[in-house]
Amino acid sequence: MSTLKTGFALLTIILLTIAGTEGLLRIVFAIHDSASDQVATSDIDERALLPAYRDADYDPVELWREIWAGTNVWLAYEPYTVWSRKPVTGKYVNVNRDGHRVTTDNSTDPDALKIWMFGGSTTWGMAVPDAYTLPSYLTRRFNDAGIPTVVSNYGETGYISTQDLLALIRALQGDEKPDLVVFYEGANEPLGLIDQPHMVTPHYLINRIRDLFEGRATTRHPALTLLHESALFRLATSISHRIGLIRPDAAVATFPSALEDIPAVAATAARAYENNLQIVTALADEFGFRPYFFWQPRLGVGKKPLDPTETELLEQIRNIPQRDWKIRFSNELRARVDEANRDHRLHPHFHDIADVFSATPAPVYVDWVHVSHTGNALLADRIFAGIRAETCASPNRKAIAPVARPDSTGRQLTALCKD
Amino acid sequence: MKAIYDLLIIAGVCVTLLIASEIGSRLVLRVLATNTSQETTDPRSQLPAYADSPYDAATYWRQFHAAKHEVYYPYIVWRQQSSSASLINIDDQGNRKTHYNSGDPAALQVWMMGGSTMWGMGTPDAHTIPSAVAKILNDERGIAARVRNLGEIGFVSTQELTQLVRELQTGRRPDIVIFLDGVNDAPAAALWPDVPGSHMNLYSIRSRFEHHDPHESAMLALIKTTGLHHLAGYIAARLMPKGMDQGNWTTPASPQITISEGNQAADIWMSNIRMIRALGRSFGFKPYFFLQPSLLVGEKTRSASERRLAEKEKKNPAKKAGMAVYAEMRRAVRGILADKPIPGVFDQTDLFRNVDDSLYVDYVHIADRGNELIARDIVTTVIEQYCADLTGGRNTAPDSGTPCRR
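If you read the sequences in order, they're chains A and B. With this note's numbering, letter number 361 in the first sequence gets 361, and the count goes up by one each step, no holes. With this note's numbering, letter number 187 in the second sequence gets 187, and the count goes up by one each step, no holes.
What the hints contain is simulated information worked out from the structure, not anything from laboratory work. Note that beta-carbon positions come from the ideal geometry of N, C-alpha and C, so glycine has one too. Check each hint, because a few of them may be wrong.
Stated by the list, open to error - Quick list of simulated restraints, FRET-style, between CB atoms:
(1) P256(A) x D91(B): 19 to 27 Å
(2) P255(B) x H344(A): 50 to 58 Å
(3) G23(A) x K320(B): 54 to 62 Å
(4) D144(A) x T170(B): 53 to 61 Å
(5) Q93(B) x A267(A): 17 to 25 Å
(6) A33(B) x T237(A): 34 to 42 Å
(7) K340(B) x H344(A): 33 to 41 Å
(8) A335(A) x Q93(B): 23 to 31 Å
(9) K340(B) x I262(A): 47 to 55 Å
(10) D144(A) x K320(B): 30 to 38 Å
(11) A267(A) x T40(B): 50 to 58 Å
(12) T380(B) x G146(A): 58 to 66 Å
(13) P256(A) x R376(B): 43 to 51 Å
What the hints assert, rightly or not - Stretches of chain B that chain A covers, calculated by requiring three or more beta carbons in the stretch to come under 8 Å of a beta carbon on chain A:
(14) 11-22
(15) 132-141
(16) 162-168
(17) 221-231
(18) 341-352
(19) 363-377
As the list claims (entries may be wrong) - DSS-like mimics (lysine-lysine), calculated; alpha carbons at most 30 Å apart, straight line:
(20) K5(A) x K68(B)
(21) K86(A) x K5(A)
(22) K224(B) x K68(B)
(23) K86(A) x K68(B)
(24) K177(A) x K418(A)
(25) K314(B) x K68(B)
(26) K68(B) x K320(B)
(27) K2(B) x K177(A)
(28) K97(B) x K68(B)
Go ahead and model the full structure; you've got the sequences and the hints to work with.
The following block contains the structure:
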């Protein structure tokens, strides 16, 4: 009996010792962290301090604060496209009740040209205020050219081309129909492949979302998470690093071996993209809109003379295996897509504009893909020029006018070609 | 000192009890799970619709309950988990097995899409609608055909369109795609009219995403994985009144709302048909669309057992209201088609008008005989015509195994 009593007491002592050490270490780490954070602006997104915002007429710090405060991909579930947003009102970031980022400077003309723009966070306008999103710049280009235009921003953070296609299908189920549809994509295609390299066009965070659907909190068991978050684990890791038992990057260095065959993964993704374009083209023929596809630039893809801060950003990315893989994959995918384009397997309105910044030494990137207002202005110019060139080069003028609204749209597009 | 020692002992006993309770809860849950899977026979297996079945309907329903387990699929949201049993087999893509397929590589490629009726809820693999179509084409009509069952429990037409997009993305190409819809589109429109084209169970699925806090503490997450937590949830579920994902369906809808929801379901279906037809032209396949029969919508000479079944099903407010919307959807579709017929769209709701045998096992699902009638109608209405068109009006000779492809 007394052995049993001792056993129970010993169990309690062991548990109390672990809890006490954990508590003490947490206090020590908290003091240590607060001391080292005093210099850092903990609630400021460091991107706001980059020179890409040098000539901004808005406050990038406040902008990023709004982006993180009001916009989170977890906020709203959306059938088929998986996520969307709830309405948000702010100084720089506004999302309407349909979950779309507000486009400024749209025309109020009832006969205005209707453009739907699809893409990921770069289309949505991550890194810029409402007035400087790609759709806002694009609508200004059209309206400034004397063509009353309304551009709707269907961009959403993390969306890949398949989600853009499904968002288009969902939108076409409604009464409104567009005259032109612009897709600006490419950079997000590798996001889901890191988790599911064997799947065709998996979306971003697929494993996490699968876990939520199937009722698992996280892919990693919470007990392991708890262990990883503990101060004892932090201490043990720190000691292991110092005495050279484990390398600091070991945890992030492992990812599925299937990803090593970049050409195979890229070939599958390119074929899926090609099929997506065929699907969009079929819908365009049926609903009478003109589709345009633009392959976007990203840091490490496309020719850009890099500013020192961009070089530093790229080096940081290259040092993390998964991110470096995304760059290598993106370059391979771009090559495959361009090859399909050369073989006329893509829609004639496909444009690879990944080199759009080739004559821009000034900094535009604020991270691996998002650009400041300066970058968006250049992109909008290039997209506008591409649309104008395709539209005005059309040998058959009737083909310019989509069947949905032949009179008004035809008039607007004819105006586009005057000059 | 003695008090501290006693406290340490008491705390140790508490921890031990907690661990013992956790182990006990897990054991209880395991026993409960085993008992549930072996629980009483599904009453549907006793219905006259199974009177002439060459298999044991009770075994089928047991296997059905054991196999039914949705897993996440990107964009189309769910499929059934891969499983294998004597009567129900689901491959690793979530597709139900189809029997009687041709092994000819040049065989006609037929894809069949729809909800649980197309999937084959109520019948073993060999008696699903796709298997019946494969059997009729290959064994009776001499048309070498390979039929894929892409049906899924609970699917609405927008999920099927999404699934079609996913299939086309991979590079697979069909010759014919058959859609059997209606009984899921209508309740979805009734339950979530503010999200037109929504899939079923929107609220419960949405809550899994939106009520999940990505910053939830690991401790809370750990507690949620414990046997004690699961056992508490099990007991709470038993004590609570049984419900379903009711959406906005809290009170009976007015006739105007029912009409409006029926119109919305019809509009979404027609819009999806328009898109699928466009894809058919671009990718070189022929799509055909059937509005499916239901015990509560469409004419049928009901057997005594079906009359009792219909009365019972009408007492379920969700099914009653859902089928009221389906009736309105059918009316709206008929109106649209009367104004402007759309090739390849068929109303099959009255298919069983002159059949007085027992076919139904619930408000929509049917046993072998019903599936065979639907399959024969599909073959005679569209597939034979498709092949005849290809061969310049000549029907393929029976038993010749002639492939019929464009």
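Using a Cβ cutoff of 8 Å, are there at least 3 residues of the segment 11-22 of chain B near chain A, or does the coverage claim fail?
holds (count 5)
According to a criterion of three or more residues whose C-beta lies within less than 8 Å of a C-beta of chain A, is the segment 341-352 of chain B covered?
violated (count 0)
Taking 8 Å as the C-beta cutoff, is the stated coverage of the segment 162-168 of chain B by chain A satisfied by three or more residues?
n = 4 at 8 Å, threshold three: holds.
Are the Cα atoms of K2(B) and K177(A) separated by 30 Å or less?
The hint is violated at about 82 Å.
Between P256(A) and R376(B), is the Cβ distance one that fits in 43 to 51 Å?
holds, 47 Å
C-beta pair D144(A), K320(B): status relative to the range 30 to 38 Å that was hinted:
violated, 58 Å
Between K314(B) and K68(B), does the CA-CA distance stay at or below 30 Å?
Holds, at roughly 25 Å.
Given the proposed pairing of K86(A) with K68(B), does the C-alpha separation stay at or below 30 Å?
Not OK: K86(A) and K68(B) at ~33 Å, beyond 30 Å, violated.
Is the hinted pair K68(B) and K320(B) satisfied, with a Cα-Cα distance of at most 30 Å?
Measuring from Cα to Cα gives roughly 24 Å; hence the hint holds.
Assess, step by step, whether the Cα of K97(B) is no farther than 30 Å from the Cα of K68(B), and give holds or violated.
holds, 15 Å
Can the segment 221-231 of chain B be counted as covered by chain A under the rule of three residues or more with Cβ-Cβ separation shorter than 8 Å?
It holds, with 4 qualifying residues against the three required.
Is the straight-line distance between the alpha-carbon of K177(A) and that of K418(A) 30 Å or less?
holds, 25 Å
Consistency with the previously given hints fails for numbers 4, 10, 15, 18, 19, 20, 21, 23 and 27, ordered from lowest to highest.
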